[in-house]
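Student: So the chains spell out like this:
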Amino acid sequence: MRLSKKICMVGAFAVGKTSLVRRFVDSIFSEKYHTTIGVKIDKRQVELHENSVQLILWDIEGVDIFTDLNASYLRGASGIILVIDGTRPATLDTAKELISLIENTISDYRIVVLFNKHDLEQEWAMPAALTDSLNIDKDSIFFTSAKTGENVEEAFQHLTELICPPEVVDK
Amino acid sequence: MIGSNAVKTDTPPEPDNAGSYQELRSLLLGSEYENILKERLKQDDIDRIAENLTEAFEKRNQNDNSLIEKLSPMIESSIDLSIRNSRSKFADIIYPIIGPAVRKSVANALTEMVHSLNHLLKQGFSAQAIVWRYKAWRLGMPYGQYAFIQNIQYRVEQVFLIHRETGLLLTSCSAENIPVKDPELISAMLTAITDFIGDSFEQESQSETLNAIQVGEFNLLIESGPYAAVAFAIRGSVHQDINERIQELCEQIHSQFYQELRSFSGNENELEEARPFLEDALIEKQKESTSSSPWFAIALLATISIYGVMSYYQSSVTNQKAERIIEEFSKAPGYQVLNYKLESNDLFINVLKTPEAKPSKDFESIKNIRGINLTIKETNLPRLEPNIFLSFLSEKYGIDFDTSKEQSGYELIAKGELSKRKIQQLEEDPIVKSIFTNINESQLTVAQEKVLTVDYGQNFLNLVNKVHQSQIYFDVGTQQIAQESSETISELASNLKELQKLEQLSPYSISQITVMGLADKNGTDEANLKLSRDRASLVAEMLEANGIRSEIIVIWALGDRDLPSVSLEHQRRVNIQVLFHDKPELL
Numbered sequence: 001m002r003l004s005k006k007i008c009m010v011g012a013f014a015v016g017k018t019s020l021v022r023r024f025v026d027s028i029f030s031e032k033y034h035t036t037i038g039v040k041i042d043k044r045q046v047e048l049h050e051n052s053v054q055l056i057l058w059d060i061e062g063v064d065i066f067t068d069l070n071a072s073y074l075r076g077a078s079g080i081i082l083v084i085d086g087t088r089p090a091t092l093d094t095a096k097e098l099i100s101l102i103e104n105t106i107s108d109y110r111i112v113v114l115f116n117k118h119d120l121e122q123e124w125a126m127p128a129a130l131t132d133s134l135n136i137d138k139d140s141i142f143f144t145s146a147k148t149g150e151n152v153e154e155a156f157q158h159l160t161e162l163i164c165p166p167e168v169v170d171k
Numbered sequence: 001m002i003g004s005n006a007v008k009t010d011t012p013p014e015p016d017n018a019g020s021y022q023e024l025r026s027l028l029l030g031s032e033y034e035n036i037l038k039e040r041l042k043q044d045d046i047d048r049i050a051e052n053l054t055e056a057f058e059k060r061n062q063n064d065n066s067l068i069e070k071l072s073p074m075i076e077s078s079i080d081l082s083i084r085n086s087r088s089k090f091a092d093i094i095y096p097i098i099g100p101a102v103r104k105s106v107a108n109a110l111t112e113m114v115h116s117l118n119h120l121l122k123q124g125f126s127a128q129a130i131v132w133r134y135k136a137w138r139l140g141m142p143y144g145q146y147a148f149i150q151n152i153q154y155r156v157e158q159v160f161l162i163h164r165e166t167g168l169l170l171t172s173c174s175a176e177n178i179p180v181k182d183p184e185l186i187s188a189m190l191t192a193i194t195d196f197i198g199d200s201f202e203q204e205s206q207s208e209t210l211n212a213i214q215v216g217e218f219n220l221l222i223e224s225g226p227y228a229a230v231a232f233a234i235r236g237s238v239h240q241d242i243n244e245r246i247q248e249l250c251e252q253i254h255s256q257f258y259q260e261l262r263s264f265s266g267n268e269n270e271l272e273e274a275r276p277f278l279e280d281a282l283i284e285k286q287k288e289s290t291s292s293s294p295w296f297a298i299a300l301l302a303t304i305s306i307y308g309v310m311s312y313y314q315s316s317v318t319n320q321k322a323e324r325i326i327e328e329f330s331k332a333p334g335y336q337v338l339n340y341k342l343e344s345n346d347l348f349i350n351v352l353k354t355p356e357a358k359p360s361k362d363f364e365s366i367k368n369i370r371g372i373n374l375t376i377k378e379t380n381l382p383r384l385e386p387n388i389f390l391s392f393l394s395e396k397y398g399i400d401f402d403t404s405k406e407q408s409g410y411e412l413i414a415k416g417e418l419s420k421r422k423i424q425q426l427e428e429d430p431i432v433k434s435i436f437t438n439i440n441e442s443q444l445t446v447a448q449e450k451v452l453t454v455d456y457g458q459n460f461l462n463l464v465n466k467v468h469q470s471q472i473y474f475d476v477g478t479q480q481i482a483q484e485s486s487e488t489i490s491e492l493a494s495n496l497k498e499l500q501k502l503e504q505l506s507p508y509s510i511s512q513i514t515v516m517g518l519a520d521k522n523g524t525d526e527a528n529l530k531l532s533r534d535r536a537s538l539v540a541e542m543l544e545a546n547g548i549r550s551e552i553i554v555i556w557a558l559g560d561r562d563l564p565s566v567s568l569e570h571q572r573r574v575n576i577q578v579l580f581h582d583k584p585e586l587l
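Read top to bottom, the protein sequences are chains A and B.
For the first sequence, position 87 (counting from the first letter as 1) is numbered 87 according to this note's numbering, and the numbering increases by one without interruption.
For the second sequence, position 242 (counting from the first letter as 1) is numbered 242 according to this note's numbering, and the numbering increases by one without interruption.
Okay, chain A solo, but in the shape it has when bound (with noise of 0.2 angstroms):
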């Protein structure tokens, strides 16, 4: 079976979305879309045991105190993968409108959360009391790095086999 899934990337202006699926997708467009329409579409394959699931990412223009995201971009999407900068406290509150916004939007849809740049130890600010407050799995919870490529692809891979159908997943 070959499945094709929408995911939207969404998170605070500069958390790393963008520099997080440079490596990891293949892409036609370019990042001049994120100025234009405030998207930009790639693409991911994973493979889940003989099954191959494309992923569509959409990358969500970064949010800010200047710039909402835009609901209908949302729409549709099988998974979210929310990104949080790890040494800026800020982001994670953003993190949490934004949480909230998704709930009011769309339904039937799973979450990750990426606390990104955990590379940067010495400016970590993000204490395991605030990434409990979340109130997200803690399974779907990755601390990754853009840079180092730190657990980017357990985090697409679990987001995967969180949307994809019981009988794909286990077989």
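Hints listed in this document are in silico derivations from the structure and should not be mistaken for laboratory results.
A virtual CB, placed ideally from N, CA and C, is assigned to each residue, including glycine.
Example chain B residues on the side facing chain A (calculated, C-beta under 8 angstroms, incomplete):
id, residue
1, 165
2, 167
3, 169
4, 182
5, 185
6, 192
7, 193
8, 195
9, 196
10, 198
11, 199
12, 266
13, 267
14, 268
15, 269
Listed below are the simulated DMTMM-like cross-link pairs for lysine to aspartate or glutamate, each with C-alpha atoms no more than 20 angstroms apart in a straight line:
id, chain 1, residue 1, chain 2, residue 2
16, B, 396, B, 327
17, B, 285, B, 217
18, A, 43, B, 165
19, A, 43, B, 182
20, B, 358, B, 378
21, B, 415, B, 427
22, B, 521, B, 562
23, B, 433, B, 406
24, A, 43, B, 268
The following residues of chain B were derived to be distant from chain A, with all beta-carbon distances above 10 angstroms:
id, residue
25, 53
26, 142
27, 153
28, 260
29, 332
30, 338
31, 354
32, 446
33, 455
34, 456
35, 462
36, 533
37, 545
Mind docking chain B on chain A? Use the hints.
Tutor: Frame of chain A, contents of chain B only:
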């Protein structure tokens, strides 16, 4: 007994008596009865079926298709068998159908070929083609593809079926030779753009979505249904045909695959069956071609013709120039052309040259030479070794030659038989004249040209005959040539001139041309004698003026000598008499 039994067969016998009847029949008729009965029943069945067969078929056909289904394999088998058994008969039967079909097909193919040729020529030679080639080069696209694009009115290059909710690609297809980028990403991006436009301009309802994007000659047409959107990537203008097609396709897909679209969960194979519908939408329309007259092909043919004529003219001019050069070499003293070759504009001449010979660069034909690449191979021959020429002269004249040293130079000794013409040619040969001081012809005999002599002799006699028959008539009492004889006098002069030429070649020699003048019987004898002399003198002068040797012309004034039976107008005349004799020796 038999009769009563036969009657009773119509009514069923009592069960207890049935066995007895049967037994009685068997005893009386034996097994024959059973056979007859079976045959009769069989015949009855055949008759009954035959009578109702058509109606039965018709009625069954109205009910269902089972009869057709059952008969089809039988009919196919029987046709197959018939064709195998009698191919030629079938060929005869289908010929009236196949023949015109083949002809039509061939005619269409030829027409298409001519138009394709014209089209290719048009693409290949026009100024537009050069511009296109440049543009294609700039776009990094093969010329053929660019030219094709320019020649289409529109072409649906790609068709996408996109899941409305997720933006995921359900299925897609593309026209031949179209480089396809990742359709999954295009599908999602298209959805994103549509969402972006929708949100940016606050569309009131979901049905009000982006349905067209145009970039240059490229158009993207989107038709959204409740569950899926159909997108056409179109090269060229969006024609009404396409608008109708995309709406039709979107409706068709929703109608045929309603359940699949509604429950789509990302399985890419679910909508694979919709692909043929999409492929049917890959339509295209060529630009109206000016097929009325393939003038590009005509222009090409005309150009080829003009080039052919020009080439022929150029070739003729070159040949003439080459001939002039060869002729000048042949005539120039001290040169002998051994051979030459003219290929295209290249003339190669191989000559022998004596030290005294004029340099070839001074030749008139070479001084102003243009359009010919001339190569001259000159072999300089020292005068001290004239023997070198002997083999060449032998080959040229077909006789042996020798040389002997004299005080002033070398003498050429010719040995053998040579015609008079050839001897003359040898004597005038420029190379011979420039190398040898003298030609010794003592060992040379003149060949007799017998065949030619006979012809010339006969021609001579024929011409003499003609001259003798010529009568030049005059007006009454004057030396004015009558109108009717004006042509005779010029013909006479021409014949006598020809006769003089033939004299050289024929075995005869002209002794005298006698011009005899006559007058009619009117007038005195003295006057008539004078008149006849004047008439003869006039003709003699005219002949002399036309190149007849005066020394052989003799005038006779005869006065009136004719019998009365000769009419007066024919008495006033001049006659010519050619006297000739055999030449003492035939040259």
